[in-house]
Amino acid sequence: MASFIVSCLAFLTLYLPPLVAMLFFVLTIFCGVAALLWLERKPTLDDPIQGKNGA
Numbered sequence: 068m069a070s071f072i073v074s075c076l077a078f079l080t081l082y083l084p085p086l087v088a089m090l091f092f093v094l095t096i097f098c099g100v101a102a103l104l105w106l107e108r109k110p111t112l113d114d115p116i117q118g119k120n121g122a
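Residue numbers (our numbering): 68 to 122.
There could be a bad hint or two in this list.
[As the list claims (entries may be wrong)] Simulated restraints on C-beta separations: (1) L76 - I116: 35 to 45 Å; (2) I116 - V87: 41 to 51 Å; (3) T111 - L81: 25 to 35 Å; (4) Y82 - L112: 44 to 54 Å; (5) L79 - D113: 25 to 35 Å; (6) F78 - I116: 43 to 53 Å; (7) I96 - I116: 11 to 21 Å.
No lab work stands behind these hints: they were computed from the structure.
Quick caveat: nothing in here was measured; it's all calculated off a predicted structure.
Virtual Cβ for every residue (Gly too), placed ideally from N, Cα, C.
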């Protein structure tokens, strides 16, 4: 899925100046890394403990 999105982004930035296209790719990579860090964060002691039903 990620490779498809990057391929689409490459196609969309094909006619942009190189600096702008590289900026798009850097921002895309940064957003991907930020999403990974946010999704993979470990729970801390400050997080509420959830029961069996998630409430």
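Comparing the hints with the structure gives:
1. In this structure the supplied range 35 to 45 Å holds for L76 paired with I116, their Cβ-Cβ distance being about 40 Å.
2. A hinted range of 41 to 51 Å for the beta carbons of I116 and V87 is consistent with their spacing of about 47 Å.
3. At roughly 44 Å, the beta-carbon separation of T111 and L81 lies outside the given 25 to 35 Å, and the hint is violated.
4. At roughly 51 Å, the beta-carbon separation of Y82 and L112 lies within the given 44 to 54 Å, and the hint holds.
5. Checked against the hint of 25 to 35 Å, the pair L79 and D113 fails, with Cβ atoms roughly 41 Å apart.
6. Between F78 and I116 the beta carbon distance is about 46 Å. The supplied range of 43 to 53 Å therefore holds.
7. With their beta carbons about 35 Å apart, I96 and I116 fall outside the hinted range of 11 to 21 Å.
Comparing the model with each earlier hint shows violations of hints 3, 5 and 7; every other hint is respected.
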